[in-house]
Amino acid sequence: MSNILEVQGLNKNYESFSVKDVSFEIPTGYIMGFIGPNGAGKTTTIKSILNMVSYQSGEVKLFGLDSKDNVSQIYEQIGVVMDTPFYADDWTSADVEAAVSPFYTHWDSGKFAGLLSQFSIDKKKKVKELSRGMKVKLMIAVALSHDARLLILDEPTSGLDPVARDELCEMLGDFVTDENRSVLFSTHITADLEKIADYITFILDGRIVFTGSKDSFLESYVLVKGGLEEISAQQKKLVIGLREHVTGFEGMAETGNLGRLPKSLLVEPITLDEIIIYMNKGDKLYE
Amino acid sequence: MNKMLSFVRLDYITVKPYLTLKNLLIFLVVALIMITSSGSSVSAIAMLMVYATLYVSYPFAVGEKNGIDALYVTLSIKRSTVVLGRYLFALTVDVFAGLLAYAFSFVVLTVMQKDFNVLESGVVMLVMLLLYIIIQAVQLPIYFKLGYAKAKLLAYMPFVGLFVITLAVTNLLKDSFSLPQIMSFFGWFAANPLVAVLLGLLILVGIIVISYRTSLRFYNKRDF
Amino acid sequence: MKIIVSNRSGIPIYEQIKAQIKEAIFSGELCEDDLLPSIRQLAKDLKISVITTTRAYSDLEEEGFIVSVQGKGCYVLPQNKEMARENALRKIELGLTDAITAARAGGIVKEEVAEMLNLLYKEDNYE
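Protein chains in written order, with the working numbering: chain C, 1 to 287; chain R, 288 to 511; chain W, 512 to 638.
Among the hints, a few may not be true.
[As the list claims (entries may be wrong)] Cut-off 27 Å, straight-line C-alpha distance, at most; resulting in silico cross-link-like pairs (BS3-like, lysine-lysine): (1) K558/W to K195/C; (2) K237/C to K195/C; (3) K309/R to K128/C; (4) K126/C to K303/R; (5) K290/R to K309/R; (6) K68/C to K303/R; (7) K126/C to K508/R; (8) K124/C to K432/R; (9) K263/C to K236/C; (10) K513/W to K621/W; (11) K290/R to K508/R; (12) K365/R to K290/R; (13) K125/C to K432/R; (14) K125/C to K437/R; (15) K401/R to K128/C; (16) K290/R to K401/R; (17) K401/R to K303/R; (18) K195/C to K281/C; (19) K633/W to K111/C.
Since the hints were made in silico from the structure, they are not lab data.
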């Protein structure tokens, strides 16, 4: 099984923020969720992968090719969806098609038209007249109309209502029923990924904290809760992002450490959101 | 080459919403007033060239507002294609404006049964064209470096600069050389028009090339 | 065939899938040679990760419940019980054929062989 995307040692410095030594891979045929709090470096990483911004060091391979060469071969196979469309806001859908289709050898006009009607996008409306959800759908329609194999989405669901978000997830699930395609989905709304993601890459403060299978990520942590007297000071160190209050404490613990914690504690499976929250609080790096 | 033309067409689609009939009409009405009031085509041509310069900035203005430079990356349009395409777009707009001005003046003056000196108007149009191409050659690198929003004010500098330079040069010449010397200098060029034209073209091409390479250098460094 | 998974039950999703498929096989709802939904289609329908469905199916294959055919999908295998039964029947047939040959060679009639069979069952309490 080959990798559709490989990032190795990516470093990008801004004045006040850096993305350091970012490495991860996405195998062909799977969905990777790229998660982290706002400002953690998700967009910077994606823009570096796409060569929209320059970076100090690192290697990016797409479809097995170096991202700095074979440029058109690579971009033809990538569909990009950002949180705001980069189309002129006075364009209609017809203008969008006229603008982008000459640059794709496999542009499917019929498919585009079909998707527009499936998404109920009025062809005559200008981009600026579309609702937020419609704008995202328009970008997806474009991304799906040139035979892309890799969809890269950067925060597409922020600002969308649950119905629209669910529709988007459905579409992505559909997209990878073809095992030659993959999705890189960056978001800080992890509920979307909880279910459909196969792999997770977690970035915090510009560094990768975890990258690997979502199931093993979720299985390696648990939520623990208990009374303040139940737990010793020594054991407290095992609780990540410990929150103490008058009525008790809660936090996250590594599943492997459960043996060293009191059996009386309440132990629950953890969600992606909670991992991010407790990790952020504890600011511990996954070793 | 194909990609280049597709890009120029993309630029056109980008500014299309602003090339309205209303704009064109306002354009022609003002030109009409100028021609009828002065009885010559010179001011009309000059005014149209100013308009052309304005339009040359439109792809930058509209594009930047929408982050279209990121779109260019996803369409695998090389940065050099973007820069070259903009220069091509500018040239196209300039030539089109020049010809339109010439033709329009011809029609108006003929209808008014006034004198239309084909050669003189032609020379004026060419000189104006060259002048504004040079102005744009200074403006374009500014747009590429700073982006439209920050460059807006700075982009008027070439006009101001030109004005200042013209003033300074004429004053300088007046003080350092006598009139006959200046006249004989220009007279030489008038007597050898071919050399004059060749020299002028060389300088023009030189300016454009320097401008292009500077723009490319600036644009290559930008992050979107 | 019904496969329904719960995100909140605390049981890993791949275990839930395995349990429900096994249930369907044992109850006869799924028969030998039935084609299961593809790994990817199931993941999409249940809105879960492809890795999860892959794990469920490969566990089931290892345990002998299903078999995956390249390019076609996963098929239900006949149940283990049935396989064991068929195995036993084959072994009995072989054994009996041997016994009959020996009986003929030794001039021993069928009734005697049948009596020996009964005795042997009683002795070893196989009955």
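Consistency of the hints with the structure:
1. Proposed proximity of K558/W and K195/C is supported: the alpha carbons are some 6 Å apart, at most 27 Å.
2. In summary, the hint linking K237/C to K195/C is not supported, as the alpha carbons are separated by about 31 Å, beyond the 27 Å threshold.
3. For the proposed pair K309/R and K128/C, the alpha carbon gap of about 22 Å is at most 27 Å, so the pair holds.
4. Of the pairs offered as hints, the one joining K126/C and K303/R holds, with about 13 Å between alpha carbons and a cut-off of 27 Å not exceeded.
5. Between K290/R and K309/R the CA atoms are separated by roughly 32 Å; this puts the pair beyond 27 Å, and the hint is violated.
6. Distance check on the hinted pair: K68/C and K303/R sit about 33 Å apart at the alpha-carbon level, beyond 27 Å; violated.
7. Only pairs whose Cα atoms come within 27 Å are accepted, and K126/C paired with K508/R is rejected, the gap being roughly 32 Å.
8. For the given pair, K124/C sits about 35 Å from K432/R by alpha-carbon distance, which is inconsistent with the 27 Å threshold.
9. Simply put, K263/C and K236/C have alpha-carbon atoms about 14 Å apart, close enough for the 27 Å limit, and the pair holds.
10. Under the criterion of a C-alpha separation no larger than 27 Å, the hint pairing K513/W with K621/W is inconsistent with the structure, at around 52 Å.
11. This hinted pair checks out: K290/R and K508/R have alpha carbons roughly 22 Å apart, not beyond 27 Å.
12. For the proposed pair K365/R and K290/R, the alpha carbon gap of about 9 Å is at most 27 Å, so the pair holds.
13. With a CA separation close to 33 Å, the supplied pair K125/C and K432/R exceeds the 27 Å bound.
14. With a C-alpha separation of about 30 Å, the suggested pair K125/C and K437/R falls outside the 27 Å cut-off, and the hint is violated.
15. As the CA atoms of K401/R and K128/C are separated by approximately 49 Å, the hinted pair breaks the 27 Å bound.
16. This hinted pair does not check out: K290/R and K401/R have alpha carbons roughly 46 Å apart, beyond 27 Å.
17. For the proposed pair K401/R and K303/R, the alpha carbon gap of about 36 Å is over 27 Å, so the pair is violated.
18. Note on K195/C and K281/C: the hinted pairing holds, with a Cα-Cα distance of about 24 Å set against a maximum of 27 Å.
19. Between K633/W and K111/C, the direct Cα distance comes to roughly 76 Å. Violation of the 27 Å bound is thereby established for this hinted pair.
Going down the numbered hints, you'll see the structure goes against 2, 5, 6, 7, 8, 10, 13, 14, 15, 16, 17 and 19, while the others check out.
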